[in-house]
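Undergrad: Note that the protein sequences, when read in sequence, are chains F and S.
Letter by letter, the first sequence follows residues 0 to 183 in numbering that gives the first Met the number 0.
Letter by letter, the second sequence follows residues 0 to 184 in numbering that gives the first Met the number 0.
Keep in mind that the hints are not guaranteed to be accurate.
[Claimed, not checked] Simulated crosslink set (DSS-like; lysine-lysine; CA at most 30 Å straight-line):
1. S:LYS155 / S:LYS45
2. S:LYS97 / S:LYS135
3. F:LYS56 / S:LYS135
4. F:LYS56 / S:LYS45
5. S:LYS135 / S:LYS155
6. S:LYS45 / S:LYS97
7. S:LYS155 / S:LYS88
8. F:LYS56 / S:LYS155
9. S:LYS88 / S:LYS135
[Stated by the list, open to error] Restraint-style ranges between C-beta atoms, simulated for each label pair:
10. F:ALA60 / S:GLY51: 25 to 35 Å
11. F:ARG177 / S:THR30: 49 to 59 Å
12. F:ASN62 / S:GLN156: 23 to 33 Å
If you're looking for bench data, these hints aren't it; they were derived computationally from the structure.
Remember, predicted model here, so these are calculated numbers, not experimental data.
Cβ coordinates follow ideal geometry from the N, Cα and C atoms, glycine included.
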Amino acid sequence: MVGHIKLAGLIPALLVIILPSLTLAQDVNFGVSPAEVRISDLPPGNATDFELIIHNKDEIAHNFTVTTFPPPEQERREGRAEFPDDSWISFSSPGIEIAADSQANVMVTVAIPQGQKWAGQDWEIWLGVACESPDLLGVELYVRCLVSTAAGKFNIGLFIGSAVGVVLLGCGVYYYFRRKAKSR
Amino acid sequence: MKVAVTSVAIAIMLAIAVSLPALAQQNSTITITMTGLNEISISLDKTQWPLGTIASNTDYETIPQIQWCTLTVQGTCNVNTFVVGDDAKWVSDPNTYKWTLSSDGTNGEHIYGLWFRISGDTTRGPLGDGYVPITKTQGEFWPYSAGSSLAPGDTKQFGLRLLSPTYFFSSRQMQTQITVSAVAA
Chain F
0 MVGHIKLAGL IPALLVIILP SLTLAQDVNF GVSPAEVRIS DLPPGNATDF ELIIHNKDEI
60 AHNFTVTTFP PPEQERREGR AEFPDDSWIS FSSPGIEIAA DSQANVMVTV AIPQGQKWAG
120 QDWEIWLGVA CESPDLLGVE LYVRCLVSTA AGKFNIGLFI GSAVGVVLLG CGVYYYFRRK
180 AKSR
Chain S
0 MKVAVTSVAI AIMLAIAVSL PALAQQNSTI TITMTGLNEI SISLDKTQWP LGTIASNTDY
60 ETIPQIQWCT LTVQGTCNVN TFVVGDDAKW VSDPNTYKWT LSSDGTNGEH IYGLWFRISG
120 DTTRGPLGDG YVPITKTQGE FWPYSAGSSL APGDTKQFGL RLLSPTYFFS SRQMQTQITV
180 SAVAA
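With the hints as constraints, model all of the structure from the sequences given.
TA: See below:
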């Protein structure tokens, strides 16, 4: 009985259909520039932006998506740490349709939140550009985005200014109350 | 009284006057370097492998075996390449049935294996025959960690092998995707 059930399961297994769409085979061909972006001295609390150029070299229009990708440690440039939060990176358009043999720009904004702990850091994150397709084989191109934040500096001017202000303010208040007491 | 108020006012103004330039210095220069406006680009001359009806627990290889698809490095920079696979999903209802992609190229019930082999590579892979499993974790395509990234103009031919599950539900059209990716070396 058990053998009969197994056989009954195997027969339909032989009838299964697998894999891709029925459209004609196509190639996939596109490029992204720049291949690497290096942002230096970005102070925490500030934002900056740059453009990615996606070039559809195919003879038909394609939809492209842009996402972030955290590279594994061994793939990062030397001395680069993992980018702390990919929500700090945004795109003017995470998806874009590009006509045949044409190119389009996507604005990338990198915004670092306020905080001394984000100062003086060297991070790396990849920006992945993929061509949407139902086909078996797809291509994704990664742009290396190297972000270095400005080092936290001791603000001597602010410190002296504040100190002088506090001292003078203290003297003024003291002088005022002294005069007031004397006048009584 | 007037003298005291004046003193306090002067003190505050002095403090502000000294502090403002220092505060203004918080806006340092941000430098963005686009490395030489390099373009990264690879192309594949084939993207589909229509297998048709398949049997369980059977190996299927592309024809020709290892020269089925050609990857060409275009653009202007050397690249490191990767490959990653995914589960095969039922086209009619991807959320209800799938074949899980094996993590080592083997198969099982509703588990299938995927492999690739680059033409000329006869030693890579767990069996030492050049076939390397494609898994859901991004792995090296061309073995750049040995120090050989691909340069513009380089081409690599490769083929695929699919090991079907030992058992699966019949009459369902399944679809999967293999992504070949590249990053500047």
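Undergrad: Holds or violated: LYS155 of chain S with LYS45 of chain S, Cα cutoff 30 Å?
TA: Given that 30 Å is the threshold and the Cα spacing comes to 13 Å, the pair holds.
Undergrad: Would you mind confirming whether the straight-line C-alpha gap from LYS88 of chain S to LYS135 of chain S stays at or under 30 Å?
TA: With a Cα-Cα distance of about 14 Å, the restraint between LYS88 of chain S and LYS135 of chain S holds, given a limit of 30 Å.
Undergrad: Between ALA60 of chain F and GLY51 of chain S, is the Cβ distance one that fits in 25 to 35 Å?
TA: 29 Å, holds
Undergrad: Straight-line Cα separation of LYS56 of chain F and LYS155 of chain S no greater than 30 Å?
TA: Between LYS56 of chain F and LYS155 of chain S the Cα gap is close to 20 Å, so the pair holds against 30 Å.
Undergrad: Is LYS45 of chain S within 30 Å of LYS97 of chain S, Cα to Cα?
TA: Roughly 25 Å separates the two Cα atoms, so the pair holds.
Undergrad: Holds or violated: LYS97 of chain S and LYS135 of chain S, Cα atoms, limit 30 Å.
TA: Holds, because 14 Å separates the two Cα atoms, which is no more than 30 Å.
Undergrad: Holds or violated: the 23 to 33 Å window for the beta-carbon distance between ASN62 of chain F and GLN156 of chain S?
TA: Cβ of ASN62 of chain F to Cβ of GLN156 of chain S: about 28 Å, so the range 23 to 33 Å holds.
Undergrad: Compare the distance between the alpha carbons of LYS135 of chain S and LYS155 of chain S with 30 Å, and conclude whether the hinted pair is satisfied.
TA: 22 Å, holds
Undergrad: Would the pair LYS155 of chain S and LYS88 of chain S pass a check requiring their Cα atoms to be no farther apart than 30 Å?
TA: 29 Å, holds
Undergrad: Tell me if the straight-line CA distance from LYS56 of chain F to LYS135 of chain S falls inside 30 Å.
TA: OK: LYS56 of chain F and LYS135 of chain S at ~28 Å, within 30 Å.
Undergrad: Is the straight-line distance between the alpha-carbon of LYS56 of chain F and that of LYS45 of chain S 30 Å or less?
TA: Distance of about 15 Å is within 30 Å: holds.
Undergrad: Given the hint of 49 to 59 Å, is the C-beta distance from ARG177 of chain F to THR30 of chain S inside that range or not?
TA: 54 Å Cβ-Cβ, so the 49 to 59 Å window holds.
No hint from the list above goes unmet by this structure.
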